[in-house]
Amino acid sequence: MNAQLTARAVAAAVAALLLAAAPLAQAKGTLVYCSEGSPEGFQPQFFSTGTTFDAVSVPMFNRLVEFEIGTTNIVPALAESWTVSPDGKVVTFKLRKGVKFHSNANFTPSRDFNADDVVFSWDRMANDSNPFHKGTGGQTYAYFDDMGMKNIVDKVEKLDDYTVRYTLKRPEAPFLADMAMDFASILSKEYFETMAKKGTPNAADIFPIGTGAFEFVSYQKDATIRYKAFDKHFRGKPKVDNLVYAITRDATARYAKLKTGECHVMAFPKPADLDEMKKDPALAVQQKEGLNIGYIAFNVEKKPFDNKLVRQALNMATNKDAILKAVYQGQGQVAKNPIPPILWSYNNAVQDYPYDPAKAKQLLAQAGYPNGFEVDLWYLPVTRPYNPDGKRMAELIQADWEKIGVKAKLVTYEWAEYRKRSKTGEQAAMMFGWSGDNGDPDNFFVPLLGCEAVKGGGNVARWCNKSFEDLVIKAAQTPKQADRAKLYEQAQVIFKEEAPWITLAHSVRFDPVRKEVLGYKMDATAHHYFNNTDLKPAP
Amino acid sequence: MLAFLLRRVALIVPTFLGVTLIAFALIRLIPGDPVENLSGERGMDPERRLRLLHEFGLDRPLPAQYAEYLNQIVHGDLGTSLTTHEPVLREFLTLFPATVELAFFAMVFAIVLGLPAGIIAAIKRNTVADYAVMGVSLTGYSMPIFWWALLLILFFSVHLGWTPVSGRIAVQYDVQAATGFMLIDTLRAGDFGAFRSALSHLILPSIALGTIPLAVIARMTRSSMLEVLREDYVRTARAKGLSRWRTVVVHALRNALIPVVTVIGLQVGLLLSGAILTETIFSWPGVGNWLIHGVQSRDYPVVQGGILLVATIVIVVNLLVDATYGVVNPRIRHG
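Line by line, the protein sequences give chains A and B.
For the first sequence, position 435 matches number 435 in the numbering used here, and the numbering has no gaps at all.
For the second sequence, position 164 matches number 164 in the numbering used here, and the numbering has no gaps at all.
Take the hints with a grain of salt, since some may be wrong.
Unchecked claim - Derived SDA-like pairs: lysine to any residue, alpha-carbon spacing no greater than 20 Å straight-line:
hint, chain 1, residue 1, chain 2, residue 2
1, A, K134, B, R51
2, A, K158, A, E193
3, A, K270, B, P46
4, A, K150, B, S39
5, A, K420, B, G193
6, A, K423, B, R48
7, A, K221, B, L277
8, A, K455, B, P46
9, A, K420, B, L150
10, A, K221, B, R90
Since the hints were made in silico from the structure, they are not lab data.
Required output: the full structure, derived from the provided sequences and hints.
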């Protein structure tokens, strides 16, 4: 009898232990995202990588205006509405009322979001004498500086608690899109002041307080970031209770985790895995046209590329369809314009150069190079979102050009070195690309093809064309989108005729998600938003 | 013994200098630019670039940078990471327990399997058992870690579903890091589920990381054992009527262990370098994962500081190994 009792007690104890040990059901509730790396920090103003934005500004902060998820349309966020003065130089935002900030162990907000927060967030970046300007550990304001915002915005003023006025130094139509970018996230002024009073001003940059859909819970370096749903979020509480980023640098491991259900959504799959993923009944592979362009730029300051006919000839000598098949494995589309088709103002009427080696040879002869010439072709040393394999692409192009007598020598450098050298104009023909970060066509035309960008180095073709430049500048100063679109459409015609680039391809992005994930929508600017994502309850 | 230790300690100073110089030079020899790495295609505002170069001290001549670096080290400062702006030492200390935990279990795995395997191979020399142990250990030794790790994941995690793919603990457990050792922290929190989860996350990375040391230990134990088994005193022990088991375990093993302990000590360096690959594949938040990211982003202070700290550990462990010879075999005297 005693023995039986003991046995029962042991069994009960073991059962209790096992129950305790059973993983808590990944209940309704916890959405796990396998991200590709660790954030550099938790402050949206300091950094410039997508990985950091995905972990910081996307879940935890809001901007005055934001991009509608899945498109580049600008929608109200912390600002309910805005007006632009007729001269395009004054933008007045009406702020949303009743927006709450998060709280944490050291801070509970005493008031709602208001104009003070907007002015503070801007002033901190723009004004050297702002007491909070000098960031934690000597951080700098990456995007603010690199986009030259100081030359765009003159001043930011609070008109009343819920009205803020931005006065620009020049009319700048893309300004609204700029304000939807991560660096323009709104911080809590009260939080910074409270932390300063407590003698720990840096804490405000380390433990983020925003208005976003998710609140910060904890970060284990290089392992996990935890968030919980913010139930007072102005757009309503997100559907899942908890959000966890499982930092998994290796793409193969991310895929394995997605397969086993250790995560629900994964970042950046390897192109080679996509076919298998699509066949997996537990997974759904979402795809979206990338907001990007991959191209070959001809340095028009150098012979023979100063001659338009040569540039056109090489355009005709390049077999883009073959490249798309071999390099992008069909996961992309041939590019004919410098902007992708998902961007407004894309000119679909532009005719691309046909693949026509015979005509190309003829053009070369006309340009005075009947026997072709030798040229260095720089190719990308790394995989980029707009180009999965620079070397393979270069080899294909080399073979294509060979057919019309142009002998390309393939050259490359380490990635940072590659970018550095490209700014000096040392290149003759080089492979490059761009991923748009604010969904405004200006974000492609000006940094990549504008005359200023020749000096800045972003215009690697070093092509400065007056008619094109006039159109693009005018478009930036025109308030109405429809009017701007017309100007950009004309600019694309000039661009094609002048052929400073061979526009190669717009790549397609993929986000594999598990089937139990509901309502996940891919974003146009390559961020990962989980505000409206839910999980199917376990059967 | 004391004189021996002092001599060894004196040797540490030039070793350290060498390590700092190599770490300093190597990371600068790789093409790339830490400041350029902080920006993408957009490129960096030239003014900000100059400001950052100045702030990081990278606008100064290399000898001056090196002198400044040595000066910092002497003052106990390893600098701050260029990407996160956190002190290098703090980042290292946050992540190091994870690496120790992994290395410890890899070593336990290697010793627990490697020693008996080596002994069996020696005793059963030229039998199937011997060939099997030697064959398997040679395979283990030759296998690239990253490939082996992926095979383990695919088979045990994806195919069989027995072990988690990667990470240190299942995401539903949010265990506060008190010691940084996940097993200890979960026990302190009294959370057995978390403890079990942490343990299950250790299995595959420990096997992946422990395989090469396992092979080395097995082979070393075998050859050392074979040598000892041929000694006269072993034959004498057997002739006196001691059982084979007793002869091997009591008389032979102790002497055979000396070179094995040396090898185990040397494996510590190997474990730390192996951790770089293992941690990357298993998303193990340790110093290996951190260092590889530091190299990729050309984070000079992280790479320099990380290498210096890891080298320090390897040096200290080797020193301890030398000191333990006397314990394993009192006949060895350091004079």
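Hint check results:
1. K134/A <-> R51/B: Holds, at roughly 13 Å.
2. K158/A <-> E193/A: 18 Å, holds
3. K270/A <-> P46/B: Cα-Cα ~34 Å, so violated.
4. K150/A <-> S39/B: 18 Å, holds
5. K420/A <-> G193/B: 51 Å, violated
6. K423/A <-> R48/B: 16 Å, holds
7. K221/A <-> L277/B: Distance of about 18 Å is within 20 Å: holds.
8. K455/A <-> P46/B: With Cα atoms ~11 Å apart, K455/A and P46/B stay inside 20 Å; holds.
9. K420/A <-> L150/B: Not OK: K420/A and L150/B at ~36 Å, beyond 20 Å, violated.
10. K221/A <-> R90/B: Holds - the C-alpha atoms of R90/B and K221/A are around 11 Å apart, at most 20 Å.
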